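Trainee: Each chain, written out:
Number of protein chains: 2
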Amino acid sequence: MIKGNSKIVSLAEGIAKSDRRSLARAITLIESTRLDHREDADTLLEKILPQSGNSIRIGISGVPGVGKSTFIESFGMYLISQGHRVAVLAIDPSSQRTGGSILGDKTRMELLSRQEAAFIRPSPASGTLGGVARRTREAMLLCEAAGFDVILVETVGVGQSETAVSEMVDMFLLLLLPSGGDELQGIKKGIMELADMIVVNKADGDLKPAANRAAGEYHAALGLMRPSSPNWKPTVRKCSALHDEGIQEIWDVIKEFRTKLWASHEIQDKRVRQSVSWMWGEIRESLLVAFCDKPEIQSALNEMESEVTQGRLAPATAARKLLKLFSNA
Amino acid sequence: MIKGNSKIVSLAEGIAKSDRRSLARAITLIESTRLDHREDADTLLEKILPQSGNSIRIGISGVPGVGKSTFIESFGMYLISQGHRVAVLAIDPSSQRTGGSILGDKTRMELLSRQEAAFIRPSPASGTLGGVARRTREAMLLCEAAGFDVILVETVGVGQSETAVSEMVDMFLLLLLPSGGDELQGIKKGIMELADMIVVNKADGDLKPAANRAAGEYHAALGLMRPSSPNWKPTVRKCSALHDEGIQEIWDVIKEFRTKLWASHEIQDKRVRQSVSWMWGEIRESLLVAFCDKPEIQSALNEMESEVTQGRLAPATAARKLLKLFSNA
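Here the protein sequences come in this chain order: L and X. Start counting the first sequence at -10; every next residue gets the next number (the working numbering). Start counting the second sequence at -10; every next residue gets the next number (the working numbering).
Hints may be right or wrong, so weigh each one.
Treat identical chains as interchangeable: a pair holds within one or across any two.
[Claimed, not checked] No more than 27 angstroms apart at the CA atoms, straight line, and that leaves these computed lysine-lysine pairs for DSS-like:
{"hint": "1", "residue 1": "Lys(-4)", "residue 2": "Lys310"}
{"hint": "2", "residue 1": "Lys259", "residue 2": "Lys310"}
{"hint": "3", "residue 1": "Lys313", "residue 2": "Lys283"}
{"hint": "4", "residue 1": "Lys310", "residue 2": "Lys197"}
{"hint": "5", "residue 1": "Lys249", "residue 2": "Lys283"}
{"hint": "6", "residue 1": "Lys283", "residue 2": "Lys310"}
{"hint": "7", "residue 1": "Lys197", "residue 2": "Lys283"}
{"hint": "8", "residue 1": "Lys259", "residue 2": "Lys222"}
For the record, the hints were derived by calculation from the structure and aren't laboratory data. These numbers come from a predicted model, not from an experiment.
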């Protein structure tokens, strides 16, 4: 216990001094599923929490091929040139299958990964989306405590994980290709509606006219949706991450977003809501895990599910039978 | 116990004979929150379950003023003229505040409510959305067992309850006004995407040209979304419920939907998925209720939440502290 505590104290001190090795080790600690590690992680989080929160948290999504890495590299290098410190995290629940499909390979961001003012961490490589999201949230707090003032949370453009990211960031940025309406069809339902800003990437060379058209179409599509904030209308920008064009304009929009929504207290309120709903999400998930872990439930569950799918038992009746087993166990 | 059982047997027999009073009393039973009633309700549901399922389940939504009652009256009367038996249920979690804001007043559907082949039941008047939805699901099973072969589940067009309805029906129908793009802005996010069919009501008199334009706009907006079924592209129709115009065409679309998606086994699969997820939803909700009901949790919860909102405790840490209290209690 003493040993654990002194280790935690030195990790917390390292983080406060922006020591990258301490930060990396702290993230490894919070990613661990070992019970004693989890207790250490809780102690560490309590220590660093007062130093967290001083960043703008930006979610970045887009289908594979849209140029997310190139964009983050170009955007990150620009931010560093402006004196910012940039942490790049990721949520990819599929990485347990693919062995880390996004950010697993740091060479994707060769320049950025060599910067002292940048910190890149791949997605936790295993667990449910809920578990992966929790560890990314906690890594975000650690990065903030280590003085990173822009947090980019990358995700693959395939649905569930976008929602998880939007629930932990201040602003959600959707990267799209210059292919316009056709691409919109391919985008998972609801993702467009999460976007505070759409960025049409690859607006260079031959693709410039297409990018202009696409930006117009995306703008029209956004116009059909009800904005989620009274103080912000989602907007569209074009860029060429490959040629570092349009990057400053994107940062200008983000600064405007932060200024407006900080003044109206929306970001602060959103963060409080996110924290409370995160707490309840943890509670729900843990209760369900405790339920499913009971041997009595495990042995009854298959039969109940099959009674329900075959229409022999009403779902609510099956639920009540299982819950009775659980509370008597 | 014997008494309870003979009561249940006679209710089940009444339902099998399509006796409306038995059906109404059975629904009152499943709406009760008394524990012994709940056990009777479970017994009844198990008895009638083999007779349920032989209907097309249609969700109907739209903002107040779109003419839902007029539509259901006109549509219901048409269905009855075609030899169908129509049950109209409702989900309105707000009815506990307003004393039954939808379907509370049967005079809204004066003709339909007088038909022997129609059964109209207002929304359960109290409880959480989850509770209201559960009772409507169970009422649906009872109506089916009583021989109603078209079930209409009405809801108000304001968000959450639409999702709950879409999770209990085969097909979701969204009523819209002839006002086009402007109205789309007012529709809660995600509702459009639930729609298997959009019906522009009030396509009569002066509003005919506007209804045509609106139908075009809605069609275009649907085209931007990815259809949720490989075998069905959401479609737009116009009608004037007031003048009974366009009603048959709507039923034709519903029949086409049912034929196609039954042949591809989608409706059957959807119902199985809905049942299983309903069972899990019940389990989740009951676990959370048990958690919140513990006195130890109640006395600690406020403090934990405030520690989290004030940034003194990480959400996951607070959750773990509460869960420890719960399992030690």
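Trainee: Each of the hints needs a verdict: does it hold here or not?
Mentor: Hints, verified against the model:
{"no.": "1", "hint": "Lys(-4) with Lys310", "result": "between (47 angstroms within a copy, 22 angstroms between copies)"}
{"no.": "2", "hint": "Lys259 with Lys310", "result": "between (39 angstroms within a copy, 24 angstroms between copies)"}
{"no.": "3", "hint": "Lys313 with Lys283", "result": "both (12 angstroms within a copy, 17 angstroms between copies)"}
{"no.": "4", "hint": "Lys310 with Lys197", "result": "neither (62 angstroms within a copy, 55 angstroms between copies)"}
{"no.": "5", "hint": "Lys249 with Lys283", "result": "neither (49 angstroms within a copy, 42 angstroms between copies)"}
{"no.": "6", "hint": "Lys283 with Lys310", "result": "both (14 angstroms within a copy, 21 angstroms between copies)"}
{"no.": "7", "hint": "Lys197 with Lys283", "result": "neither (59 angstroms within a copy, 62 angstroms between copies)"}
{"no.": "8", "hint": "Lys259 with Lys222", "result": "within (17 angstroms within a copy, 36 angstroms between copies)"}
Consistency with the previously given hints fails for numbers 4, 5, 7, ordered from lowest to highest.
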